[in-house]
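Protein sequence lines correspond, in order, to chains A and B.
Position 21, counted from 1, in the first sequence is what my numbering calls 21; the numbers after and before it change by one each time, with no gaps.
Position 37, counted from 1, in the second sequence is what my numbering calls 37; the numbers after and before it change by one each time, with no gaps.
Think of the hints as simulated: they come from the structure by calculation, not from any bench.
Keep in mind that a hint or two might mislead.
Taking lysine to any residue pairs in the SDA-like style, the calculated list, with each CA pair at most 25 angstroms apart, reads [claimed, not checked]:
#, chain 1, residue 1, chain 2, residue 2
1, A, Lys138, B, Gly273
2, B, Lys87, A, Leu35
3, A, Lys186, A, Tyr116
4, B, Lys260, A, Ala126
5, B, Lys412, A, Gly164
6, B, Lys263, A, Ala126
7, B, Lys87, A, Gln53
8, B, Lys434, A, Asp70
9, B, Lys200, B, Glu403
10, A, Lys138, B, Lys245
11, B, Lys87, A, Ile42
12, A, Lys262, B, Asp264
13, A, Lys50, B, Lys112
14, B, Lys192, B, Lys245
15, A, Lys262, B, Asp95
16, B, Lys260, A, Val127
17, A, Lys50, B, Leu428
18, B, Lys200, B, Lys242
19, B, Lys140, B, Gly313
20, B, Lys263, B, Ile205
21, B, Lys432, A, Phe57
22, B, Lys407, A, Glu158
23, A, Lys262, B, Asp202
24, B, Lys245, A, Pro159
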Amino acid sequence: MNELKTNWKKILYHNNTVGYIFSFPFLLGFFAFTLIPVLVSIYYSMTNYKLGQSPVFIGLENYKNLFSDDRFLNSVKVTLIYVITSVPSKLIFALFIAYLLTQKHSGVTFYRSLYYVPSLIGGSIAVALVWKTIFSRKGLANTILASFGVPKLSWLGEPHLAMGILVLMSVWQFGSSMIIFAAGLKEISPTYYEAAEIDGANKWQRFTAITLPCLSPIILYNLIMQTITAFMAFTQAFVITQGGPNDSTNFYALYVYNHAFKWSNMGYASAMSWVMLALISIITFLLFKTSKFWVFTEADQ
Amino acid sequence: MKIKKLTALFLSGLMTFSLAGCSGSKPAASAETVSKDSGKQITLRMAWWGSQTRHDATNKVIELYESQNPNVHIEAEFYDFDSYFTKLDTLVAADDVWDIFQLGGNFPKYIKNIEPLDGYIKDGIINTSDTTENFLATTKDNNCSQIGISIGTNTYGIAYDPELFQKAGLAEPENDWTWDDWKKDCITIKEKLGIYGSSKIDHFIAGVTMRASQTKKDANFFKKTNDGIESEDPAPFADYLKMIKELTDDGAYPDAGAIKEIKDIEGDYLVTGDAAMTWVSSNQVSSIVHASGRNIKIAPVPRLTKNGPYGMGVQSSQQLCISSNSKAKEEAAKFINFFVNDIEANKILNGERGVPIMSKVREAVVSQADDSGKIIYDFVDKIGNFPKEDSNVISPDPKAEIEDQYKLLIEKVQYGDVSPEDAAKQLLDFSKSKFQH
Chain A
1 MNELKTNWKK
11 ILYHNNTVGY
21 IFSFPFLLGF
31 FAFTLIPVLV
41 SIYYSMTNYK
51 LGQSPVFIGL
61 ENYKNLFSDD
71 RFLNSVKVTL
81 IYVITSVPSK
91 LIFALFIAYL
101 LTQKHSGVTF
111 YRSLYYVPSL
121 IGGSIAVALV
131 WKTIFSRKGL
141 ANTILASFGV
151 PKLSWLGEPH
161 LAMGILVLMS
171 VWQFGSSMII
181 FAAGLKEISP
191 TYYEAAEIDG
201 ANKWQRFTAI
211 TLPCLSPIIL
221 YNLIMQTITA
231 FMAFTQAFVI
241 TQGGPNDSTN
251 FYALYVYNHA
261 FKWSNMGYAS
271 AMSWVMLALI
281 SIITFLLFKT
291 SKFWVFTEAD
301 Q
Chain B
1 MKIKKLTALF
11 LSGLMTFSLA
21 GCSGSKPAAS
31 AETVSKDSGK
41 QITLRMAWWG
51 SQTRHDATNK
61 VIELYESQNP
71 NVHIEAEFYD
81 FDSYFTKLDT
91 LVAADDVWDI
101 FQLGGNFPKY
111 IKNIEPLDGY
121 IKDGIINTSD
131 TTENFLATTK
141 DNNCSQIGIS
151 IGTNTYGIAY
161 DPELFQKAGL
171 AEPENDWTWD
181 DWKKDCITIK
191 EKLGIYGSSK
201 IDHFIAGVTM
211 RASQTKKDAN
221 FFKKTNDGIE
231 SEDPAPFADY
241 LKMIKELTDD
251 GAYPDAGAIK
261 EIKDIEGDYL
271 VTGDAAMTWV
281 SSNQVSSIVH
291 ASGRNIKIAP
301 VPRLTKNGPY
311 GMGVQSSQQL
321 CISSNSKAKE
331 EAAKFINFFV
341 NDIEANKILN
351 GERGVPIMSK
361 VREAVVSQAD
371 DSGKIIYDFV
381 DKIGNFPKED
391 SNVISPDPKA
401 EIEDQYKLLI
411 EKVQYGDVSP
421 EDAAKQLLDF
431 SKSKFQH
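The shape of chain A in the complex, shown without the other chains (with noise of 0.2 angstroms):
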């Protein structure tokens, strides 16, 4: 009894008891709704499963159907265009801000709270819900337009148009990276600047040749937060434009949607998240691999 109690002792009073149990509720959630989901749909990929029937095993054949189903193959262009123009455009629109919020002007702390209110609001439905009215056939962008005399546009109706719309949005949406940004210029050491102004460098000459490279490992992980996020992109497509016209719009998360909970094709839609999963593995680790191009860090100087 004794022998016990001091054991029992030892674990409770042990540095890392408090630790587990402290972190219990999370690990909790984390396995329950995170983990265990995750393994399952493993198995589930490999099989027919259809919600509300019992799974059979079927191997890889719903993987080898992803690739000659013609929708899927779009679903994976259109992502990768909605990517590649809206993250780097994104970016730019972000650090040009930050840029000028990180002058000395007064009131800069207000204008950046400002500027950082879309991403507070930025994934929720009521913003998409918002955007769908700005550029529907009556609404503010029509009548912007009208009023130069331009004829209307069916922005939603325009398989380029309504990806722009889209794009515009997430670009709209800028403020976290912002905010990365301009902590990340704070740091930038105001010798440099000294520095180079002494030796006649102009405000271009001294952005690229002290701001960007300083900024590069921030630049790096920006990129990637950004381009995760953006394959991931579902509510807009969902609310604005449900992936039309023509499919033109039928992002990658919102055809795993439709197959799992519209058409309750469960087992197929697994397969397509863990291909998505593989795809933004890729891509990050090609991202990660041209770092040590244009990255630059101070150890390795």
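Let chain A serve as the given structure and place chain B on it in line with the hints.
Quick look at chain B alone, frame taken from chain A:
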């Protein structure tokens, strides 16, 4: 000492769990005892899809029932159509479907989750003496088991604004007008008035299922056995796609973007005055009339040929079902009986889901109908008097996926990616492939 206390705590916790498990494993018994002892509280979960008008009316009926049956509490959930079925599918997977739920012609997919009502009708809990065998048959499955009670019968039609027709110099649609007439009217309206001829059409019904039934008497797109496709000739479907493409190019029919802007029937282009016609389910007419504030009439759906079959009858638009895993099936059945038979309740519901099947209830609802309501009842009677056809009103499991594929094909045709002929062939191939397992 501490460890003993902990063990005791753990064990007592375990016992509570297992006790809860016990009571859960005998749901039928516990529900019965509860229903006999009216002092105990019963909670029923109920869900439906629909518009705001329907939500408000249904909630009022639930309140009425609760005030008459203080021991029953009904938790209501309501959604729009798409979210409703997404939610239902997840509940089916979790074996946790609402006690009372609304279903339409797609019930075969959920047959395992539906409690047959035959027993409750025999025991007199659900009183069906006030309706006919024909109406009951609209909500029976292939084994003649009563899977639900219809809470409204409907049929489709084309709602139009007679004043706009007059302005465009057009005669109003006849009972036997054809799709060619419809197309000409659309073009004339666009030409003369500069608005869309027609707002959103339910392409899958107009261009596929009903169209198949219009080619030949008693023909169907889905086999009556619901295990395959009956249609083999792509030509009638191709003609429809071609017509829609021409009208879209002409501006007489909204493009894909404009279609997406229509959120609900109150925002339909006929209501806003941007179109002279629209596709409606008969129960939607009064919403359209009230929302537009104009004189709106309803005509039958156009036919393929002037003297050809109409291709659609009056059908149950939706029904109330009891979930097979409900713990209070008898109480649920009592509520359904109230919902379909109670005059007061149906005066509140006001036939918004369709024409009631119980004759006394129907009389009560018709007598309080305003002009727009009368239009509906006259129209449903008119279609009901068309020659009887053997059309399949039940949707097989893969219908949702086939319908979505068809929507994509229409857009592909509209944007010129695929020819109407190829799209029609693809529709048939895709549909067939969904029935091969």
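Verification of the hints:
no.: 1; hint: A/Lys138 to B/Gly273; result: 13 angstroms, holds
no.: 2; hint: B/Lys87 to A/Leu35; result: 23 angstroms, holds
no.: 3; hint: A/Lys186 to A/Tyr116; result: 17 angstroms, holds
no.: 4; hint: B/Lys260 to A/Ala126; result: 17 angstroms, holds
no.: 5; hint: B/Lys412 to A/Gly164; result: 20 angstroms, holds
no.: 6; hint: B/Lys263 to A/Ala126; result: 15 angstroms, holds
no.: 7; hint: B/Lys87 to A/Gln53; result: 16 angstroms, holds
no.: 8; hint: B/Lys434 to A/Asp70; result: 16 angstroms, holds
no.: 9; hint: B/Lys200 to B/Glu403; result: 15 angstroms, holds
no.: 10; hint: A/Lys138 to B/Lys245; result: 23 angstroms, holds
no.: 11; hint: B/Lys87 to A/Ile42; result: 24 angstroms, holds
no.: 12; hint: A/Lys262 to B/Asp264; result: 20 angstroms, holds
no.: 13; hint: A/Lys50 to B/Lys112; result: 14 angstroms, holds
no.: 14; hint: B/Lys192 to B/Lys245; result: 20 angstroms, holds
no.: 15; hint: A/Lys262 to B/Asp95; result: 18 angstroms, holds
no.: 16; hint: B/Lys260 to A/Val127; result: 17 angstroms, holds
no.: 17; hint: A/Lys50 to B/Leu428; result: 23 angstroms, holds
no.: 18; hint: B/Lys200 to B/Lys242; result: 16 angstroms, holds
no.: 19; hint: B/Lys140 to B/Gly313; result: 16 angstroms, holds
no.: 20; hint: B/Lys263 to B/Ile205; result: 19 angstroms, holds
no.: 21; hint: B/Lys432 to A/Phe57; result: 23 angstroms, holds
no.: 22; hint: B/Lys407 to A/Glu158; result: 16 angstroms, holds
no.: 23; hint: A/Lys262 to B/Asp202; result: 18 angstroms, holds
no.: 24; hint: B/Lys245 to A/Pro159; result: 16 angstroms, holds
Comparing the model with each numbered hint stated earlier shows that all of them hold.
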